[in-house]
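Single-letter residue listing:
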Amino acid sequence: MGEFKVHRVRFFNYVPSGIRCVAYNNQSNRLAVSRTDGTVEIYNLSANYFQEKFFPGHESRATEALCWAKGQRLFSAGLNGEIIEYDLQALNIKYSMDAFGGPIWSMAASPSGSQLLVGCEDGSVKLFQINPDKIQFERNFDRQKSRILSLSWHPSGTHIAAGSIDCISVFDVKSGSAIHKMLVDRQYMGVSKRKCIIWGVAFLSDGTVISVDSAGKVQFWDSATGTLVKTHLVANADVQSIAVSDQEDSFVVGTAEGTVFHFQLVSVTSNSSEKQWVRTKPFQHHTHDVRTVAHSPTALISGGTDTHLVIRPLMEKVEVKNYDAALRKITFPHRRLISCSKKRQLLLFQFSHHLDLWRLGSTVATGKHGDTLPLSKDADHLLHLKTKVSKMPAFLRSAVQILFSEDSTKLFVASNQGSLHIIRLLEGSFKHLHTFQAQSGTVESMCLLAVSPDGNWLAASGTSAGVHVYNVKRLKLHCTVPAYNFPVTALAIAPKTNNLVIAHSDQQIFEYSIPDKQYTEWSRTIQKQGFHYLWLQRDTPITHISFHPKRPMHILLHDAYMFCIIDKSLPLPNDKTLLYNPLPPTNESDVIRRRTAHAFKISKRYKPLLFMDLLDERTLVAVERPLDDIIAQLPPPIKKKKFGT
Amino acid sequence: MVQLRPRASRAPASASAMVDEGQPASEEAEHGLLLGQPSSGAAAEPLEEDGDGDGDEWDDEAPEELTFASAQAEAREEERRVRETARRDKTLLKEKRKRREELFIEQKKRKLLPDAVLEKLTAASQTGIKKSPGKLKEDNLQKKNEECEKRSESKKVKEKVQSIGQNKSYVARRLKDQDLRDSRQQAAIAFIQNSLYGPGTNRTTGTQKKQNAKRFKRRWMVRKMKTSKK
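Chains A and B, in that order, are what the protein sequence lines are.
For the first sequence, the residue numbers in this note's numbering are 101 to 745.
For the second sequence, the residue numbers in this note's numbering are -19 to 210.
Worth flagging that the hints you see were computed from the coordinates, not collected in a lab.
The beta-carbon is built from N, C-alpha and C at its ideal position, and this holds for glycine as well.
Don't take every hint at face value.
[Said to hold, decoys possible] In silico lysine-lysine, DSSO-like type, Cα no more than 30 angstroms apart, as pairs:
(1) A:K668 / A:K617
(2) A:K442 / A:K531
(3) B:K100 / A:K234
(4) A:K170 / A:K194
(5) B:K100 / B:K88
(6) A:K740 / A:K701
(7) B:K100 / A:K739
(8) A:K741 / B:K88
(9) B:K190 / A:K739
(10) A:K741 / B:K100
(11) B:K156 / A:K741
(12) B:K156 / A:K739
(13) A:K739 / B:K88
(14) A:K742 / B:K189
(15) B:K189 / B:K204
(16) B:K190 / A:K740
(17) A:K740 / B:K206
(18) B:K206 / A:K741
(19) B:K88 / A:K429
(20) A:K381 / A:K442
(21) B:K74 / A:K739
(22) B:K204 / A:K429
(23) B:K204 / A:K234
(24) A:K701 / A:K650
(25) B:K194 / A:K707
(26) B:K197 / A:K194
(27) A:K443 / A:K417
(28) B:K88 / A:K295
(29) B:K189 / A:K707
(30) A:K742 / B:K190
(31) A:K170 / A:K295
(32) B:K189 / A:K293
(33) A:K295 / A:K741
[Said to hold, decoys possible] Short derived list, chain A residues pointing at chain B, Cβ under 8 angstroms:
(34) G157
(35) P203
(36) I297
(37) A337
(38) K739
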C-alpha cells in the first residue's frame, strides 16, 4: 500500500443552510427539499436517496412553502410574494408570478393537482388555476384578519382549512366564504400573553381538522360543527409541522425541540371498530427545530434548522426488513465542493456565493505511522472570489458543470439543457470550439464531467442514455457506456490506460475501457462476484475518484465516512471476509497477511470527509468537516433540561 | 389738472420760455372758461402761493385764462395716457405669464416619453406579461418610473410592464410598490424571527451552553476530588 503523509484540512468552513420545507411526490418517489437560502434539492428516494438535482438559491427567493402538482410540476412560494415554478428538465426556473398578497406563507395543491392555493401575509387566500404552461389567478377567498400560515385541502377538494394566528378558518371552495372560525386557546389550560400561531393544519376526509400550534398542542376539530374534539399537549415548545399519510391512518408532527412524534389511528380495544388517534412513537433525531415533515407510504421524513434530512422508514410498513429499513440521515453534500491543484498544492472551496482559494501548509518533520506532524508553514488563505456578472455569451451563463482540461487550454462546459460546449482558452479571450447537443427531455440528474489526463477524451453523465464519451481531438462522440438505472455519483478517467471509472448511487463501480469500447476484465469479474454486502450498505455516495500516477492498478475513492484504495491486483473479497480489516500486526507471518489481504483497502480514520485526493506519490490531502463545527454555527435551539446540569 | 402758464419772470432767459408757451396760451384761453367748475380751490391756492412767493416784485397779474375746453382736453389726455400705461402694463404681465406657462409646458413635454412609447406601455400593461425576478429595476429607469407613475395614476397599474423599445431586458416598476413590498417582507421576516427566536421563546445561546458546561465540569471535578480523597 505504501506510506503517505496526509494533509488534514479542517479550515473549510462549510455550513449548509437549514431545511425549510420538504415535499414528497408519491408517483416518482422523489423528495423536494428547500432550504433557508432558497436552494431547492431533489432527492431520488429509490436511487439510494441520492440528490440528483438542485436549484441554487438566491436571497430574494427564500421559500416558505413547496408543493408538487399534477404532472411532476414543482412550485414554491416565499416571502417575496412570488410563486415560482421549476423546470426539472432544464434545471432552471420556468417563471415566477407575483400573487399580490404580500409575502406568501403557505401553499397547497388541490388533491386533483389542477389548482393551487396560497395563503398570504394580508390574510387573503388566493386560488390559482394550473394551466399546462403557466398558473393563472382565479379568485380570492374571504379575507381574514391575520396572516394565513398554513393551508390544507379536504381530499374531495370542496373545503379548505386555513390556520392563521389564534384561529383556524374553514372555507367552502366554491363560494370562497368562511364557514367556520375556530378560536384556538393561547395555552393549554392556561392563559398566555403570546399569540398562538397555528403552524400547521391537516384536513382529513371524515371532516376532522388537525392543527398544530406554537403552544405545543395537537388539536382535533370537527369541521362540520366547528368545535374542538380533542387536545394533545406534546411539547413545551412550538409544534411546527404536520404531515398526514395518504391512507389517513397515521400522521407525523415535528416540534421545535427536535422531536418528531408519530400518531396512529388504532382501535380502542382489539375487537371494536371504533378508532382513536394515539401518539405512538417519539423520535429524537434532530437537535434543533423540526420545521417540516413529510409522510411517504413507508417512511417519516423530517428536516429542520440542524440541516440534516432524516428519513425514518416505519418498520410496520416496510416489506423486506433489510438494511433499507434503517434510518437515513443526510448531512453532507452529494457532490464534490472542493477541487485540488496537485502541482501547486492549492485547494479551491466552493461556497454558495463565493469561492475560496487556499494553499496548503507544509512541514519538514518526519514521524511514524499515526503521528501528527507540526506545521512549519500554515495554510494560506489566498483568494476570496465573489460572484460577478461579466460579459459572457448566453450559452455559458447557464452552466451546470465546468471542467478544465489537464493542460488548462480548454474549458468544458455542461449547460443545463444537456448540451456540452468546448471552449479554447486564449490569452484574455476565448474561442468557442464545438457543442455537443443532447436529446431533450433526457436529463435525469446533474451532469458530471471528466477529462482524461492526456486531453483526448471527455466523459459526461447525467442523461438517461448513459455516460457519453467524446473524442476531444476529433470533436465527435466516441462511444456511450450502457445506461444504468442508478444515477452516476462520480466519474474519472485514469491516466495512460484511459479507463473510465464510474461510481453509481447504489455503490456499484464500473470500469470501462475507452479505447476498447468495452468494460474491463476487472470490472466484469467484480460484477460477476458482486461487491461485499457491507460495501453496498454504505449510505453516502462516492463523490470523488482519483488515481495514483505511478501505480495503474490503484483506484482511490472516498465517501463521507471512509476512503478506499482499490488494488486491482489483489483478490476480491467475498461476503465472508472482513471488509474493514485493520492493518495486521507486523509480527504476523507473511502467509497470514497475504491470506487476509484483499483489494479494498479502507480507512475510516478521517471522517467526516468532504474531499480526499492524492497530491503526489507520498502525500494525500483530506478535507474534513466535523459536525460540531457545523452545529456551533447554527441558530440556538430550545433550552432543554439535561440530567446533571 | 390745471396747467398754469409760466409767469413772465424777471430773468431774461425766460423769454424763450415765454415764446414756447405761446401754444399753451391758447389752450389756457379755452381752459379759462372751464376753470371755474372743477377744483377752483385747488386752482386758487397755487395762484395765491405764487402771488405770495413772488412777493413785491411782481405786479398783481391775473392768472392766465384757461379755457374749459383746453383743460378738459388736457384732462382727457392725461386719463388716456394713464389708461394706456395701465393697459400696457397689463398686457406685458399677461405676456410674461403666458411665456412662463409655455416654458413649463415645454419642460414637462421634454420629461414625458414620446407618445409612441406611451402607447406601447399602455398596450403592454393590458396584456400583463411578467418578467422573471432576475431582471429588476435599473438606475437609468428612474425617470421612466416617475412617468409611469404619473401616467398610470388614474389607471392604478401595479403590474410590472414588459420591456419595450430596445432589446435591453429591463422591467419598469412603480417605486411606491417596491417600497411597500420591501416593508411587507421586512415585517414578515421580523414576525418569524420574533415568534421563533424572540422574547418568550425558551432558547439557549451559545455562550449560555458553554457556561453551563463549564459549571458542570467544575462541579464534577470537585466531586471527583472529594471521592478520590476519601
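Hints and how they fare:
1. A:K668 / A:K617: Holds, at roughly 20 angstroms.
2. A:K442 / A:K531: holds, 27 angstroms
3. B:K100 / A:K234: At roughly 24 angstroms apart (the allowed maximum being 30 angstroms), K234 of chain A and K100 of chain B satisfy the hint.
4. A:K170 / A:K194: holds, 16 angstroms
5. B:K100 / B:K88: Holds, at roughly 20 angstroms.
6. A:K740 / A:K701: Given that 30 angstroms is the threshold and the Cα spacing comes to 43 angstroms, the pair is violated.
7. B:K100 / A:K739: Given that 30 angstroms is the threshold and the Cα spacing comes to 60 angstroms, the pair is violated.
8. A:K741 / B:K88: At roughly 70 angstroms apart (the allowed maximum being 30 angstroms), K88 of chain B and K741 of chain A break the hint.
9. B:K190 / A:K739: holds, 13 angstroms
10. A:K741 / B:K100: Judged against 30 angstroms, a Cα distance of about 66 angstroms means the pair is violated.
11. B:K156 / A:K741: violated, 49 angstroms
12. B:K156 / A:K739: violated, 43 angstroms
13. A:K739 / B:K88: violated, 64 angstroms
14. A:K742 / B:K189: At roughly 11 angstroms apart (the allowed maximum being 30 angstroms), K189 of chain B and K742 of chain A satisfy the hint.
15. B:K189 / B:K204: holds, 22 angstroms
16. B:K190 / A:K740: This hinted pair holds, its Cα atoms lying about 14 angstroms apart.
17. A:K740 / B:K206: The hint holds at about 29 angstroms.
18. B:K206 / A:K741: holds, 26 angstroms
19. B:K88 / A:K429: The given pair, whose Cα atoms are some 65 angstroms apart, is violated under the 30 angstroms limit.
20. A:K381 / A:K442: Violated, because 51 angstroms separates the two Cα atoms, which is more than 30 angstroms.
21. B:K74 / A:K739: At roughly 80 angstroms apart (the allowed maximum being 30 angstroms), K739 of chain A and K74 of chain B break the hint.
22. B:K204 / A:K429: Outside the cut-off at roughly 37 angstroms; violated.
23. B:K204 / A:K234: Between K204 of chain B and K234 of chain A the Cα gap is close to 69 angstroms, so the pair fails against 30 angstroms, i.e. violated.
24. A:K701 / A:K650: holds, 18 angstroms
25. B:K194 / A:K707: holds, 27 angstroms
26. B:K197 / A:K194: Judged against 30 angstroms, a Cα distance of about 55 angstroms means the pair is violated.
27. A:K443 / A:K417: violated, 53 angstroms
28. B:K88 / A:K295: violated, 53 angstroms
29. B:K189 / A:K707: holds, 26 angstroms
30. A:K742 / B:K190: holds, 14 angstroms
31. A:K170 / A:K295: Given that 30 angstroms is the threshold and the Cα spacing comes to 36 angstroms, the pair is violated.
32. B:K189 / A:K293: holds, 27 angstroms
33. A:K295 / A:K741: Given that 30 angstroms is the threshold and the Cα spacing comes to 25 angstroms, the pair holds.
34. G157: Given a least distance of 13 angstroms, the restraint on G157 of chain A is violated.
35. P203: Since chain B brings a Cβ to about 4 angstroms from P203 of chain A, closer than 8 angstroms, the hint holds.
36. I297: OK, holds: I297 of chain A within 8 angstroms of chain B, min 6 angstroms.
37. A337: Interface hint status for A337 of chain A: holds (6 angstroms vs cutoff 8 angstroms).
38. K739: Where the cut-off is 8 angstroms and the nearest Cβ of chain B is about 5 angstroms from K739 of chain A, the hint holds.
Violated hints, in rising order: 6, 7, 8, 10, 11, 12, 13, 19, 20, 21, 22, 23, 26, 27, 28, 31, 34; the structure is consistent with all others.
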